[in-house]
Each structure stands twice: as C-alpha cells, then as structure tokens.
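Q: Whole structure, please, built from the sequences with the hints as guidance.
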Amino acid sequence: MFYVVINSINLLFTGIAVNFLSKGLPWLGFTGIYIEYASPLSCKLSRFLQTFLNCSLINILLCEVIGRLIYLLSYGAHSPDLNFIIYILAGALFSSFFLCFPMIILYNLQKPDGRYDCIPDPEWPYVFIRWHAIHRMIFCDGLMQSLIILVLNGFIVFQLLKFRWTIASIQSFFTESNIVSDTLKQVIRLLNNNARDSILVVIHSTFVVLLFFVRSIVSYVVHKVIFIDFLDNTTVDGALLNYKWTAVEDFLTFLHILFISCYMWLYFFIIPTFRTYIRKSIKRISRKNQTVLRIADLFMLTDNEMAESPEVWKKSQDHLGNLDSVLFERVHQLEGALKYNSNQLLLKSHSQANESNKYK
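Numbering (UniProt numbering), first residue to last: 1 to 360.
Derived CB-CB ranges, DEER-like:
hint	residue 1	residue 2	range
1	224	91	28 to 38 angstroms
2	161	239	50 to 60 angstroms
3	105	287	45 to 55 angstroms
4	111	207	32 to 42 angstroms
5	150	248	16 to 26 angstroms
Think about it this way: if two alpha-carbon atoms lie no more than 16 angstroms apart in a straight line, the pair counts; the simulated EDC-like pairs of lysine to aspartate or glutamate are:
hint	residue 1	residue 2
6	44	121
7	111	121
8	111	123
9	244	117
10	111	36
11	224	249
12	224	121
13	224	237
14	44	117
Please keep in mind that the hints were generated in silico from the structure rather than gathered at the bench. Since the structure is predicted, the reported quantities are computational estimates derived from the model, not experimental observations. A virtual CB, placed ideally from N, CA and C, is assigned to each residue, including glycine.
A: Given below as structure tokens:
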C-alpha cells in the first residue's frame with residue numbers, strides 16, 4: 001500500500017508537474033511552465049524530488065521482497081504488524097533522503113549552449129561531480145538495490161519449490177488417508193495464496209528492477225556525455241550527442257510512467273487482501289448500496305472454492321492469520337513427519353531390493 005502511495009506521488013510529479021507543465025498545450029494557448037528553470041532553488045528541489053521518489057520506490061520494493069522472503073520461510077508465521085511496517089517505511093524514506101541529499105548541493109541552473117539546463121554545477125571539482133555520478137547510479141537510481149532484489153528473488157524461487165512440495169505432500173497425505181476437513185481446506189488455500197502472492201512479488205519486482213537497472217546505466221552515460229563530450233567540447237557533435245542521450249533518458253522515463261502506472265494496479269489487484277480493501281472502500285463510499293456492491297463483486301475474484309461471500313472469506317482469512325504461529329508449527333511438524341516417512345519408505349524399498357537380489 002505504501003508502495004502505491006509513493007509511486008502515485010512519483011507519477012503525478014514526474015508526469016504532470018515536470019513533463020506536462022513544461023511541454024504545455026501550445027494549440028490551446030498554454031505555453032508551459034518550466035519549473036526546473038524558474039530559479040536555481042527550483043532546479044535543486046525539482047531534481048532532488050525526482051531522484052528521491054525513485055530511490056524511495058526501489059528501497060520500498062527491496063523491503064517488500066525481504067518481507068516476502070521472511071514470510072515464505074516461516075510459512076506465513078511472521079506477518080509484520082502495522083507499527084513494524086511504519087518503522088520500515090520511515091527507514092526507507094530516511095535512507096532515500098540521505099542518499100539523494102547531495103543533489104541539492106551539487107545541482108544548479110546552467111546555460112551551457114545558450115539554453116537553460118539543470119545539471120551539476122561545473123564550478124565544483126570534477127572529482128566531486130564524478131563521485132556524485134557513480135553514487136547516483138549505484139544508490140539513488142537503484143543499481144545496488146536492483147542487484148540485491150534479483151539475488152533475493154532467486155532465493156524466493158528456490159523456497160517456492162520447497163513450499164510447493166510441502167503443499168503437495170499435505171494434500172496427498174490427507175487424500176490417501178481419506179480425511180475431509182474444512183479447516184484443512186482453509187489451511188491449504190492459505191498456503192496456496194502465500195505461494196501465489198510470492199510468485200507475483202517475484203514477477204513484479206523483476207520487471208521493475210530491470211527498468212531501474214537500465215535507467216541507472218543510462219543516467220550515468222548521460223552524465224558522462226554532458227561533462228566530457230559536451231561541456232569540455234562545445235562542438236556540434238558534442239551537443240548532438242548530449243541531446244541524443246537526454247532523449248533516451250526522457251524515453252525511459254516515459255516507459256517507467258507507462259509501465260508502472262498500468263502494471264502496478266494489475267499487480268496489486270490480484271492480491272486478495274488488496275481486492276478486499278478496495279471492496280471495503282467501495283462499500284463505505286457507496287453506503288452499502290447493493291447495486292454498486294454487486295457490480296464490485298464481479299471484479300472480486302477471490303479464489304472462492306467454498307462459495308463464501310467476500311465478508312465471510314475475509315473473516316476466514318483473518319482467523320487463519322491470527323493462527324499463523326500455530327499453523328507454522330503444525331505445518332513444520334507435518335513436513336518433518338512427511339520427510340521422515342518418505343525416508344523410511346525409501347530405506348524399506350532399498351532393503352527389499354537387497355533381499356531380493358540376495359536370493360537371486
């Protein structure tokens with residue numbers, strides 16, 4: 001949810017306050033307002049806010065992946081409470097602010113080729129500017145966080161394979177034992193939902209990480225072109241090279257807005273808890289209007305194997321959530337028992353094979 005809020009702010013600021021207002025609508029008489037070029041302070045704050053929002057997004061995504069890995073390792077037993085989530089969010093935002101703060105100091109409004117541009121001030125020693133470019137690529141634009149997320153996603157996929165084996169073992173064990181229980185169905189469904197949500201986190205974070213990865217590389221190339229091929233070489237070729245890579249950076253920003261704004265909502269709408277929250281909000285706003293709720297229920301695809309209403313389904317999820325620690329112990333014990341039984345059966349089959357070979 002916090003990822004949605006920060007991302008929405010990022011899309012509104014980058015898409016409207018920066019791109020739309022600066023381009024304007026000339027055919028309607030609106031020539032545009034260039035926020036970054038209004039003053040040196042506007043330049044500093046605008047660049048800082050853009051980078052801060054992007055850095056916050058990748059940091060929150062990293063926290064989400066770490067939380068999902070812990071949740072998967074514990075079979076859903078360690079679900080973070082609201083206070084813990086708020087502390088983690090505050091830590092992610094503070095670290096993003098700390099990492100992006102040098103932009104306020106280094107950036108300034110310049111006029112290198114007769115036109116204004118918001119870039120690091122050439123008056124600073126080049127070693128500082130080069131350090132900032134590397135620092136921004138690795139930390140602010142998310143290169144390091146992207147690599148960590150890819151590694152963690154590998155661990156999540158490996159754990160998912162074990163998780164699926166546990167679910168299949170539980171199902172086969174109770175099927176062979178002819179045990180029928182609604183509680184067991186609820187538990188298996190909860191485990192399946194955890195596995196499915198984990199797959200969604202892996203897919204979503206991998207796509208977003210690849211986009212951040214490419215953007216971080218391109219931002220460093222743009223910085224290199226500006227300060228090596230353009231400012232130190234005021235030829236036409238240097239200017240064209242600068243504009244080419246700046247256009248590439250703008251195109252990636254457009255892809256980021258297009259991809260995130262569409263895919264983010266699809267991703268969160270698939271998760272049952274988010275869909276339930278949407279229905280609860282619709283119910284509150286519509287004042288329990290049954291016509292509106294029936295329309296909303298058409299989109300509430302909640303894996304409802306037992307034909308429950310969304311309210312009953314939510315209560316069962318909350319009930320199972322309160323039993324997370326107990327379920328973890330039971331599932332962990334059952335998994336150990338299944339492994340022990342499978343090992344015993346394997347040893348028994350080996351001994352029988354050895355006995356038959358002995359008589360032969």
